[in-house]
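Enquirer: Now for the letters of each chain:
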Amino acid sequence: MDSVIALVGKDFVLSAADTANARSVIVMKDDVDKILELDSHKTLAMGGEPGDFVQFTEYIQKNLHLYEFQTGLQLSTHAVANFIRGELARLIREAPVLTNLLLGGYDSVSGPSLYYIDYLGTLEKLDYTAQGYASFFILGTLDRYYQKDITLDEGIELMKRCIHQLSKRFVINQKNFIFKVVDKDGVRQINFE
Amino acid sequence: MARRYDSRTTIFSPEGRLYQVEYAMEAISHAGAAVGVLSQEGVVLAAEKKIISKLLETSKSTEKMYAIDRHLACAVAGITADANILIGRARITAQRYFYTYQEPIPVEQLVQRLCDLKQGYTQFGGLRPFGVSFLFAGWDRHYGFQLYQSDPSGNYGGWKATAIGANSTAAQSILKTDYQDDISLKDALKLTVKVLGKTMDSAQLTSEKLEFATLSFVKPELLQFHQLSTEELNSLLQESGYATTTAEEA
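Chains as they are written, first to last, in numbering that gives the first Met the number 0: chain A, 0 to 192; chain B, 0 to 249.
Chain B on its own, in the form it takes in the complex:
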């Protein structure tokens, strides 16, 4: 039955569904997980890398985390190539706004513009939707630190803590139990480690499989999107009770 109504993105099924959008979300549910946790001191983004090889230049390639502007970054789950296009557009949007107003773009506005773009691909043009979900972490003077999630349909929501990608439902329920509104940045990091540890498929958490980053004020007036180095990640994992192996796993 669905077969008749899923080849074109721009039409509804008889039950009122957009199959292509749903299939895009299905693609994302197989991708590496990404988790975001909001604290008053900053935002934590973490992700599970799917591509692991000794031959990969890990210091130079990042498949999950991207800075969009100095006050805005995102984590990605889904088709990386699709994500790259959208991140490129997001970066241009952010700079265009700054060019016009000489002020950084408010986080929600950036998210909205990107989502409006994604929505277009579900309504006209005959092109498939983007197979990516995003977690946006940002800071602006209007609402402070914020965390947003968006999906291929073009919907978005503001979150205190959320997860996308593989096992995201399991991750979400742990977050629901353990998250507290006044969580510190340090505890947010630990909570993220815990969530990933419990929901990732692989047996052990090692720094090679993960990308961790924080958006926070490292000094008053100095907002920084900081991707944790291998050493920092290892010490975080150790603090959270995960033994770090220095041996390489192919």
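Pulled out of the complex, with its shape left as it was, chain A reads as follows:
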């Protein structure tokens, strides 16, 4: 039910996630932050089973922090993506974690990059994508309007267009979205309205 969308721009990665925690017909919480800041230059947008995705993503975050303290280095987005994938691929046959993720990061190796990771351990590096029901509705929109090297303002407009699509066609009313950007200066939240 969670909608998570992300795209790669000229020198940033923009992620958006809805903010509802709902079970059956009840919205339990409507201001959930589903975009975790893994480290100074990485965001992990999550969807799926509420307990699972918090548990797992915090586990990843703590492991990354440990690595930083042990080595004095920060892992690249590519390395983190593969680490996360490896854990999910192992867990699917041991103790499945129902979480789907979009990892966005900025590093000196590859600039801005986005990775799609699902609960089975699927890993794909992409320019734009979505998780959850949102993907049924807005991948077409992104196909139509996304361009490489999109600017941040254009990216935000495109995201708004996607969210508008959802409000028009998706039966579940997702009023609120959180936007976060990663670029060379780090992670920040974008607020408007």
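Be aware that a few hints might be false.
Ranges of calculated distance between the beta carbons of each label pair, as one might list FRET restraints [claimed, not checked]:
| hint | chain 1 | residue 1 | chain 2 | residue 2 | range |
| --- | --- | --- | --- | --- | --- |
| 1 | A | A94 | B | F97 | 20 to 28 Å |
| 2 | B | Y98 | A | Y58 | 15 to 23 Å |
| 3 | A | S39 | B | S234 | 45 to 53 Å |
| 4 | A | G185 | B | H141 | 16 to 24 Å |
| 5 | B | Q223 | A | K183 | 29 to 37 Å |
| 6 | B | R88 | A | G85 | 20 to 28 Å |
Treat the hints as calculated values from the structure; they're not laboratory data. Ideal Cβ positions, reconstructed from N, Cα and C, are used throughout, including at glycine.
On the provided structure of chain A, position chain B as indicated by the hints.
Expert: For chain B alone, kept in the frame of chain A given last:
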């Protein structure tokens, strides 16, 4: 006095020493020398072979130099059998890291893990320490070319130039005088030859007694650990003023 405190690795002497560790280092000081020199263009590793026989298949056996991963190699001084175990572990460590992160292991991390392993043998288990010192040469995107030395205690340090094994103190002092920060790879090779020539016990430097290798970018994007062939070694020795004998010495 020492006799009471040296039979177990896991205890201190009254003066606060770990005798087994010191004895391991003593074993290494009798082993064939190994020298490492760091340049911005690459790292040179060279070593003196102790086992020389006409019957040895030299092209197929190497007792001093080993590749650990594509971006990491080492030279060994000490008990070869001990070294082989540790090199095996180092290779596994490097591949495990790559399996997890899909990236080559940063050089210092590999050295640290190996050293943590060696340290364990000085603190618990009742097993003797490994009688090996290593010179690690590697490259990673964080710190470029690096040279590390580690010993049986599990200590390690980063070096610009260093030597281990027989006559290493003498070698080290020559390196101290002659090394320069902006040394080229070619000059690093020559410096290594000079150091070995002055500190090795044997009268003459011949290619059979030596193993030489470089870790460098032979092409942009192509990092290579290259062990010099007999011909290359001979021409290097000749350039450095050592006459090469083609006659075999048993």
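Enquirer: Each of the hints needs a verdict: does it hold here or not?
Expert: To see whether the hints hold, each was checked on the structure:
A hinted range of 20 to 28 Å holds for the C-beta pair A94 of chain A and F97 of chain B, which are about 25 Å apart. Separated by about 19 Å at the C-beta atoms, Y98 of chain B and Y58 of chain A satisfy the suggested range of 15 to 23 Å. Taking the beta carbon of each, S39 of chain A and S234 of chain B are about 51 Å apart, inside 45 to 53 Å as hinted. Taking 16 to 24 Å as the suggested C-beta distance range, the pair G185 of chain A and H141 of chain B conforms, at roughly 20 Å.
Between Q223 of chain B and K183 of chain A the Cβ separation comes to about 33 Å, which falls inside the hinted range of 29 to 37 Å. The hinted window of 20 to 28 Å between R88 of chain B and G85 of chain A holds, with their beta carbons roughly 21 Å apart.
The structure fails none of the hints (numbered hints given earlier).
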